Amino acid sequence: KAGVTQTPRYLIKTRGQQVTLSCSPISGHRSVSWYQQTPGQGLQFLFEYFSETQRNKGNFPGRFSGRQFSNSRSEMNVSTLELGDSALYLCASSLEEGRNTEAFFGQGTRLTVV
Amino acid sequence: AQSVTQLGSHVSVSEGALVLLRCNYSSSVPPYLFWYVQYPNQGLQLLLKYTSAATLVKGINGFEAEFKKSETSFHLTKPSAHMSDAAEYFCAVSEPHNAGNMLTFGGGTRLMVKP
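As given, the protein sequences belong to chains A and B, one line each in that order. Numbering-wise, the first sequence is residues 1 to 114 according to my numbering. Numbering-wise, the second sequence is residues 1 to 115 according to my numbering.
Don't read these hints as lab results, they were simulated from the structure. Quantities reported herein were computed from a predicted structural model and do not represent experimental measurements. We put the beta carbon where it would ideally sit given N, CA and C, even for glycine. Worth double-checking, as some hints may not be accurate.
With the C-beta cut set under 10 Å, the calculated list includes, among others, these residues of chain A facing chain B [stated by the list, open to error]:
1) Gly-3
2) Arg-9
3) Phe-47
4) Phe-50
5) Asn-56
6) Glu-102
7) Phe-104
8) Phe-105
9) Arg-110
In the DSBU-like style, the derived pairs of lysine-lysine whose C-alpha atoms are separated by at most 35 Å in a straight line are [as the list claims (entries may be wrong)]:
10) A:Lys-57 x A:Lys-13
11) B:Lys-114 x B:Lys-69
12) B:Lys-68 x A:Lys-57
13) B:Lys-69 x B:Lys-58
14) A:Lys-57 x B:Lys-58
15) B:Lys-69 x A:Lys-57
16) B:Lys-58 x B:Lys-114
17) B:Lys-114 x B:Lys-68
18) B:Lys-68 x B:Lys-58
Kindly produce the complete structure, drawing on both the sequences and the hints.
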């Protein structure tokens, strides 16, 4: 069974540009969450989607947005990139909603903003 | 909001020695707790999880963790460290009043294993 796939793995963008990251969850998983990982702030929750609906949202500015498609694949978008957006963006998928459901993580997309 | 504290951002042990990574959470309601491991340039892999079934939880690769409500702790241990255990470890909790899969992570502990 294929794991969580994130594309691209690496990305370099210029300040002010926008970027779209993609996440394909494990087959059958309906919940997709996104996290930002930086050396200074650690792992921070961005948002979670379940059955195409945003269920939870972290404390990030409106420049960060996401969506989920009917096949559970998800994208996140960051507009007007800032240097501080440089980070590893991790996607996690879960079989169902629920607090004790294991989250399976992808390898992440490393975004560098120059 | 929940918070998770991992005492010690770096821990160094000798191969074969006991591994102890500390995690404390803040919650008046027992949360669900998780330990994840991250190898360089990789995502996170679940080691074990506590879901109120048993206070001592056994995970993969010989790791285990004990939930202590009175101490609001969920420390991770392994009796004998192996070189392959060198990685970063994250403790995480799920929000008690949230039906979704949102996790709050601790700051992480980088484990170094000396030969």
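Results for each hint:
no.: 1; hint: Gly-3; in the structure: 9 Å, holds
no.: 2; hint: Arg-9; in the structure: 9 Å, holds
no.: 3; hint: Phe-47; in the structure: 9 Å, holds
no.: 4; hint: Phe-50; in the structure: 7 Å, holds
no.: 5; hint: Asn-56; in the structure: 5 Å, holds
no.: 6; hint: Glu-102; in the structure: 5 Å, holds
no.: 7; hint: Phe-104; in the structure: 8 Å, holds
no.: 8; hint: Phe-105; in the structure: 4 Å, holds
no.: 9; hint: Arg-110; in the structure: 8 Å, holds
no.: 10; hint: A:Lys-57 x A:Lys-13; in the structure: 25 Å, holds
no.: 11; hint: B:Lys-114 x B:Lys-69; in the structure: 33 Å, holds
no.: 12; hint: B:Lys-68 x A:Lys-57; in the structure: 30 Å, holds
no.: 13; hint: B:Lys-69 x B:Lys-58; in the structure: 17 Å, holds
no.: 14; hint: A:Lys-57 x B:Lys-58; in the structure: 32 Å, holds
no.: 15; hint: B:Lys-69 x A:Lys-57; in the structure: 28 Å, holds
no.: 16; hint: B:Lys-58 x B:Lys-114; in the structure: 24 Å, holds
no.: 17; hint: B:Lys-114 x B:Lys-68; in the structure: 30 Å, holds
no.: 18; hint: B:Lys-68 x B:Lys-58; in the structure: 15 Å, holds
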